[in-house]
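S.K.: Protein sequence lines correspond, in order, to chains W and H.
Take the position in the first sequence, starting the count at 1, then add 129; the result is the number in the numbering used here.
Take the position in the second sequence, starting the count at 1, then add 910; the result is the number in the numbering used here.
Among the hints, erroneous ones may be present.
Partner residues are not named here, just some residues of chain W that face chain H (Cβ under 7 Å, in silico) [said to hold, decoys possible]: (1) Cys147; (2) Gly148; (3) Leu149; (4) Glu163; (5) Gly169; (6) Ala207.
Keep in mind the hints are simulated off the structure, nothing from the lab.
Computed from a predicted model, the values in this text were never measured in an experiment.
C-beta: ideal position from N, C-alpha, C; glycine also.
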Amino acid sequence: MSQQLHRFEEALRNCNRCGLCHGVSPLISVQGLESSTARGKIRLARSLIQGEIEATNTLVDRIYQCLMCGSCSNVCPAGIKVEEVICSARMRLASAGKVPQPVKSLVSNIVSRGNIYGVAVERSEPSQERLVYFPGCVSSLKYRQLADATISCLSGMGLRVSSLDGVCCGAPALAAGFKEVYEQASERLRSMLEGFDVVTGCPQCYYFLKRERISVQHIAQLYAEIMESRVLPPTGGLRDMITYADPCYLARFSSITDEPRAVISSIAGLRLVEMASNRTNAKCCGNGLELVQTSYPELAGEVASSRLGEALELGVKKVVTSCPHCYLTFKNTRRERGLPIVIKDLSQLIMEAYRWEPPAKRNRRI
Amino acid sequence: MKTAVSLQNLPSRIPNRRSRVRKPRRSRRSSVQLDRVVARLPSIVGGGSVLTDRAELVCYSYDASCYSRLPDVVVFPNSSEEISKIVRLANRERVPVTPRGAGTSLSGGPVPARGGIVVVLARMNRILDLDEDNLTVTCEVGLTLRDLNRSLARKLLHFPIDPGSSEAATLGGMIGENASGMHSPRFGKTKDRVLSLEVVLPNGDIIHVGSKCFKSASGYNLKELFIGSEGTLGIVTKATLRLSPLPDNYTVISASFKTTVAAGRAISRVVKRGLPVSALEFMDRPSIEVVKAFTGLPLPQAAAMVLIECTGPEGEVQNHLADAAEILREEGAFELRISSDRGEADRLWHARKVTYGAISRIRPTAIQADPVVPVSKLPDYLARLDLIAQKYALKIVSYGHAADGNLHPTVLIDEGNPEEMRYARMALAEIYQSALELGGTLTGEHGVGVEKSDYFNLEWPSNVVSVMREIKAVLDPNNIMNPRKWI
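Extracted from the complex, chain H is given alone in its bound form (with noise of 0.2 Å):
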């Protein structure tokens, strides 16, 4: 029987250039200070909102990563202030904290990589207040999207970011990792609606960053470092979102193509057409497969499927779908389905959502990677893929946010097998090489944790992660927030 993925496992880090900025201090504890902390939690929280047994902390060892380390206590605050008290006795004791939503990161963000405390946020669930004439709600941030968007709906609103974990994620978690997700090419990413931010610093302070209003030029913005930031420097607590009218007309294109190439060219000329899409979505044949047996949706035989979706006024849609249907068409789609029923789209969306869920039904260990290429590079970026896969005998799956650049190249190994995690790990390397060869990142939505740690030097050259680590000295000289990850 194998086991996670431990930390200790890890490949060493890339080798780079040395740096000469000052970092943030290695925290540095004893068990004394531990003891000292888990005996003062229940003070803060009271006694059944902390957890030490061993079987409680197990469970919040890991995420929807490989990656798994168990926390020494676990505490479930009430809210910002109960969140001050322990992050300052934290700070004082140097006891690392690490924030958790539902644990659906894929980047093992959540991973308390060096023990610790791990603060879950799921208590805080409330909906403070919704503007229904601005558009904007404010909440707690340990709600989950489901729960808003269900909510929201009463109103014929959404907040529109829907990540394929979007029936467990909890906005605090999608703030961390700036979570975007299939609609994205309308909607934007998270950083895109969210207005501002309520956050514990790692002193123990409460600051609020961001503005109500749609547009503020007023200093640094703030508010953008904390999104993304996983946790590495204070723990966000409410944010004020921006919110969308649900929308009422949607129609769904989808393309089979011969090969994953060429559904790349299609995907770049519809962009470059500059098409107003709310969704362009990409999936090879594994995918396609392991999502047809499980959701029974009668999806093509093919080697590559493009989904497209359109929203709007019917007409315009129809043009779009129309010039869109041309493109395909040219560079070789071979079966074109339109699926104007908003049951048979929601299904198609739904079964695209649960395609990493589903392909652990191909090998049992998977490692997703996340990266990002300029649009017109994705037919090279694929070609690529193909070869890495060839080269290390590898199971590959690739799909994702197309009109974005942003593939998830899924390695499906089975971790038991040493054999084939040295090689899966050599493939995550050139994955992630040869994105930034094409001029691509790392990370479009899932973050960097713990996942791409090693990886992260590649694409940032020294001075400019000395710019980030002076950040994170200057917000964390004690570097208690979720330490030992990429910064």
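The shape of chain W in the complex, shown without the other chains (with noise of 0.2 Å):
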């Protein structure tokens, strides 16, 4: 018996349903069902397991719609971690082929074009610069600016770095199931990114390319390294009060709190408050990454919205976020639902206190 099989099984057994998965679930506030929860999940996959349930729509529908943020492992005592639970729940639906469409398409374009979109992207010769920066899928298809900023910022930090754009960590076919895919896709980072040092603003590609031995570190992490080490030029300033969303895999699984906020207190003028939910025990935004969002987009929109509303009762217009997948799915909340607040990452933020400008479109590559 394989090791992650032995743990699944044992994990399924020693979830005694106490409950207490239930004070932070996610999805229960806005789904309202049993089978939103750690403990519904948990019996659900060990009722498919046992064939006591077939893998009904239903089914498939609420173990894909697990977030993986790991709110509930966070408070179980019995030490389950659910996401691997779920993880492994997922490999079984999907080796029967009992996965939703869009998690099919996403997978599908990580192995076809090395990214979750599908887009083609070429790539030139390998850096020079040893300092390679990782923008993860939204930043390099989606959401170009987060990346513009990182650049600038690192630029204007005095860094010279190199980006290596539209390449998938694989965290999210891990995520949905799809071990052999992740397998090959940190294989190839692990050939393509050995020797070089590896920045990233995406908390999960962060987590996943340090889970396979590449020397990485988050944005958040170099920022307050460097504000902390090196005199830079004195910023405009932005006399804002602001509210810091610690995403789920920066904060709860790789225990990053106090570098973004020690980045945020630098700037001058900012006022920075604390929503009710923060560091390890942050809501998610919904994103799940990339799954929940791409899949079940209302679901992913309620739960942002409740995430939202967190910040929007302290009163502040403006939140900021130090990881694409939640950028991307406080946007998208955002503009469905008219909400009265300004979204924006680590790096806008820096980029905007010291008036530094986007980057020019060449030499952005390897």
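Using the hints, put the two chains back together into the complex; each one sits in its own frame.
M.R.: The structure is reproduced here in structure tokens:
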């Protein structure tokens, strides 16, 4: 029995349904169902494996609607890693071909083009720069302004960097239950990035690159380091009250919560106020490694709306995050629901504060 | 891979003298009746509020105990009037109805033992009236305790009953099981804090019982009849609750012991001294170890730990704790730690609260008992628990609300192992029998549910059971409300 299968079955056995996950589930407050909770999803996985129920569309939806945000694992007294359980359950469903169509398309894009959008990206010769910026799918191909802001900040801070655009870290494939696709993607990345220092603005890329033992920093760590150790030109100041939305894979999975706050605090005139849920207890944005955003956009929007509601309760007009997936889901939700709030990425905030310009389009790729 | 204990696998009821009283009629229904009910429900609550997909039904087949049974349909009403229509329909068609809050019960109370309709009250979660002058709140009972207290905290108030499941439990579930928790020495049990109720009877009538006043001697105390009735007499839909100001000063003292019996003696003496403690908890070694593993708190290496909390003016608190500390030392406490820091005290209580969830780190299946004994009998009872564990070679973890004499001996097994399961049942029977022999009762706060229904007749003679059955028969003649439980 593989270690993963053993852990899966053990987790299914060890949940004694105490219900603590009810209190933190980002889904139950919008869906109101027991199947929204970790306890419910674990029971579904167990019933599926025992043959008590079949992989109906409802079951597939409930298993694929999990945001894999780690909120429930964070409070589980039995120590169950719920996202691992869900991942294993999805592997079973995937092997039976029971996968939501948008998820299938997303994984197929990773296989065919190397990124979740299926966009062909030209790559030039390997860079001579030691530091590689790894924007991930969203910043490369959906919200290019995030990658531009990051490159601008790094350049403003005196760092020479090359960018590896349009390449997926493979995390969405793993989360979707396609382990082999993930392994191929990570193997390719290991060979491409060997000998480089990598910096990424995406918490999921950060977490999974690190898991593959690639030398990687999240951009918030690098900014905090530079701002502490170097003298930068004075900022123009922003005179604003903002709140910071901790991304799940940065805060809960990687324990990086102080660095982004240190960066924000270093900008003159900014006042940071905290949402009711923050740091490792922060609520999820609803993106769900792009799988929920892609397959169940309304659900993602409901969860994001609940998260942005926390910010609006504070009376702030601007939410800063350091994750392109959070940025995407927040942006969509703000637009669709007409919420009176501005969404900013950490790099955009710094670029704005220092009045740095976006980079020229050439020499951005390796 | 094992399954949860299905109701069909339960041991046969423990024999008892045959009762000659009138029993509520056994509800017999056909699939035609059930189909008619399922077809009508969307017209009452709307199509989006009725679940029949098996994948959804599975998620309403269980609670936090190890019993489960699939319902036939799950419904989410939005008002008492909708519940009235649902129950009236079910009564006409003789289809069982089981009310459910968050499903955190430890007795199998909300498990639909005969299938039928599970009525989930989660959408009825509004605070209807907060009366700050009289320190009361009226709310729908699908509201969770956590959400109520978050809202009340803005007014520096709280509803002070704090079961271990307080992060998820609904007020309806707490009322149904007469829940209490760690602070019952000071704040009492749910029934002590409920002033009045709105209840939907099995015939669909909506009645109001109790009074918003702090005392009432007007007629039979019907309010308390429904509290702790586990949904067998009707569905509680609204409640007026008595609140307390948030405590502004509390100190926790923790004491370590070399034996559980010594800890039991210390507890008994602290209670006898009449010290006004707000909480007095007991944990044995395995429960200390698992909680330590989960929380990382620096809990002691000890056979038992006693936690005592005092609230009130600082000088008084210090005096009471000094008295308690003296007793604890005299009974052999080898490590005393005082946590005046609120954060530290809160972490200790959180640690204690998550014990049930954490013990599955030891063995996958936990069957938790809830007996109460007179506090003076605690040392004796703890010694008996040790003997029962030895006799059946089982891991039995004990912790609980010592000031009430309410322990939660938890038998840890793997339910996939039939031999262990058989011994566990025998051990549980002795755990309850021992408590009754010492003048105790089967359950302090979890209710009878499925878990203790086999032992119910050990506690109550047939003439008492017959009174309960008569009451049930009057209110629920067709036995549709949460049937196949203890009554």
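S.K.: Each of the hints needs a verdict: does it hold here or not?
M.R.: Hints, verified against the model:
1. Cys147: 3 Å, holds
2. Gly148: 4 Å, holds
3. Leu149: 6 Å, holds
4. Glu163: 4 Å, holds
5. Gly169: Nearest chain H Cβ about 4 Å off; hint holds.
6. Ala207: With a minimum Cβ separation of about 5 Å from chain H (threshold 7 Å), the hint on alanine 207(W) holds.
Of the numbered hints stated above, none is contradicted by the structure.
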